[in-house]
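Take the given structure of chain A and dock chain B to it, following the hints.
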Amino acid sequence: MDDALLRSLAPSVLTVLVRRGSDFAAAEDAVQDALVEALRTWPADPPRDPKGWLVTVAWRRFLDAACADAARRRREDRLDAEPAPGPVPGVDDTLQLYFLCAHPSLTPSSAVALTLRAVGGLTTRQIAQAYLVPEATMAQRISRAKRTVSGHGVSPARRARGRFDRPGDVATVLRVLYLVFNEGYSGDMDLAAEAIRLTRQLAAAIDHPEVAGLLSLMLLHHARRATRTASDGSLVPLAEQDRGRWDTALIAEGVGILQAALARDRLGEFQAQAAIAALHADAPTAEETDWVQIVEWYDELTRLTDSPVVRLNRAVAVGEADGPRAGLAALAALDASSPGASSGALPRRAAVAAYLHERDGDLATAARLYAEAAREAPNLAERDHLTRQAARLNARRGG
Amino acid sequence: MAKYLLLKHYRGAPASVNDVPMDQWSPEEISAHVQYMNDFAARLEKTGEFVDGQALAPEGAWVRYDGEGRPPVTDGPFAETKDLIAGWMVIDVDSYERAVELAGELSAAPGAGGKAIHEWLELRPFLGAPPTTADCAFHG
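Protein sequences appear in the order of chains A and B.
The first sequence begins at 1 in full-length UniProt numbering and counts up by one.
The second sequence begins at 1 in full-length UniProt numbering and counts up by one.
Since the hints were made in silico from the structure, they are not lab data.
One thing to keep in mind: the hints can contain errors.
Said to hold, decoys possible - Beyond 12 Å from chain A on every Cβ pair, some chain B residues (computed): (1) L6; (2) G12; (3) L44; (4) T74; (5) D83; (6) E105; (7) A108; (8) E122; (9) R124.
Claimed, not checked - Among chain A residues calculated to face chain B with C-beta under 8 Å, some are: (10) S234; (11) A374; (12) D384; (13) A390; (14) A391; (15) N394.
Unchecked claim - From the structure, some residues in chain B lie toward chain A, with a derived Cβ separation under 10 Å: (16) D23; (17) P27; (18) E28; (19) E29; (20) I30.
Just so it is clear, CB atoms sit at the ideal spot from N, CA and C, and this is done for glycine as well.
Extracted from the complex, chain A is given alone in its bound form (with noise of 0.2 Å):
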């Protein structure tokens, strides 16, 4: 059975039992039902038109639960809203359910686990899986992520039309897409892969220069996966990978999907790191890359939006293009104007002073920022990497 198909079609069913006059909680909750039901049974008995089969499984599950409701309310009032099941429309509301889960009133994780179920497909217990957590937590935060937006007032689809069809929260649904890619693997769950298979049904659903830019970058960063770690799990620097091993039909169908973006003139943040994303696919070898249009592209990206973490990886680009010490420079600039950005409070800022350092021939100073950027790091990885950096230099220096 394919899990892909099957979790496409969660979100066009979703939306047929929301036309129906279902409310979003009740319908997703039955659509959720319909895909374990799916994954239990298809593979030795394949439906012949699977939706059909998953919008007249989940129906019967919602009008199951709205009966035993209803019974359990002393059956007072009967199901005035039941519909004749009809034939499923072809019309189709996905669009408006990204903008539902990415509701601004949920939370980051609450955000992110909604979509992953009621747009992606996922069952509850893939989704814990994937971010490590007990499946009845899971569980919880999407059914609390449900009454948030339920009582918005977006339960039927036609109001959740007139609400959340509006271009300004794109933003927020590229946000939420933008932060289960940076998820990225962990248990069976490819959530790298399943971010790029929301974003196309996303770029298929609504034209928008910004969701093409994210399309791009993602395909851009996943061309490169295979060589971002070596066997024992350890990073690979960008400089030091096999770019023989880059995946060239993702990069060339993401830097297709960047140029036509970039055509329109609408340029965006995404769009702007899909640009560095393409440049650094572009070449050959880490020599040949274009660092002087590198930088000028992160000068576009802190005229879009002012970081400290876009001027830090400025700093890298200058480092490259204009030397180490202008990279220091850049450094010190930023320093000056966001304190806290050399006491740790920035993440990485140790990192990046030790590269340049190194570059810049001072090795003591160098290895005693990797130390302290080992200590600083978010995650095992990264430290493991670190600490190996301060340790070929103290090695260098010593012998």
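Chain B only, in chain A's frame:
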């Protein structure tokens, strides 16, 4: 089966035999150490004895309630003298002897010069739920 917590310390444990800070090792020695730790966890997964393992960042703070309507009080970063936990592994094993055996193996992870670190690990049994078959005789 009984669960045990293996605690690794940044500070506060007695000094290990091969006590050299990690950034003074060679890169190959670091790789060998990381490999040993990964292999150890993978082997315990295979034997069905691994439950969980996590590493903690060295920074942190003390926090306590400060009364109704007031924000919690924080005290940090930690003083240099504080006992500092670096990470843990939870194992589920048949006996105390097995838990000690595994802790000993973990402590033998290679360090500087490729020699075992002989690091002191804290071994702590879990207080589990009472078994369903045991009636509380001392209440009678």
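Hint check results:
1. L6: At roughly 17 Å from the nearest Cβ of chain A, L6/B sits farther out than 12 Å, so the non-interface label holds.
2. G12: holds (17 Å)
3. L44: Per Cβ check, L44/B is outside 12 Å of chain A; nearest 17 Å; holds.
4. T74: Since the minimum Cβ distance to chain A is about 16 Å, T74/B lies beyond 12 Å and the statement holds.
5. D83: With a cut-off of 12 Å, D83/B remains clear of chain A, as the shortest Cβ separation is near 17 Å.
6. E105: holds (20 Å)
7. A108: holds (19 Å)
8. E122: holds (20 Å)
9. R124: Holds: least Cβ distance 22 Å, greater than 12 Å.
10. S234: holds (7 Å)
11. A374: Check passed: Cβ of A374/A comes within 7 Å of chain B, closer than 8 Å.
12. D384: holds (5 Å)
13. A390: Nearest chain B Cβ about 4 Å off; hint holds.
14. A391: Where the cut-off is 8 Å and the nearest Cβ of chain B is about 5 Å from A391/A, the hint holds.
15. N394: holds (6 Å)
16. D23: holds (4 Å)
17. P27: For P27/B, the interface hint holds, since the closest Cβ of chain A sits about 5 Å away, which is under 10 Å.
18. E28: Since the shortest Cβ distance to chain A is 9 Å, the answer is holds.
19. E29: Since chain A brings a Cβ to about 8 Å from E29/B, closer than 10 Å, the hint holds.
20. I30: Cβ of I30/B sits 5 Å from chain A, so the hint holds.
Checked against the numbered hints listed earlier, the structure breaks none of them; every hint is satisfied.
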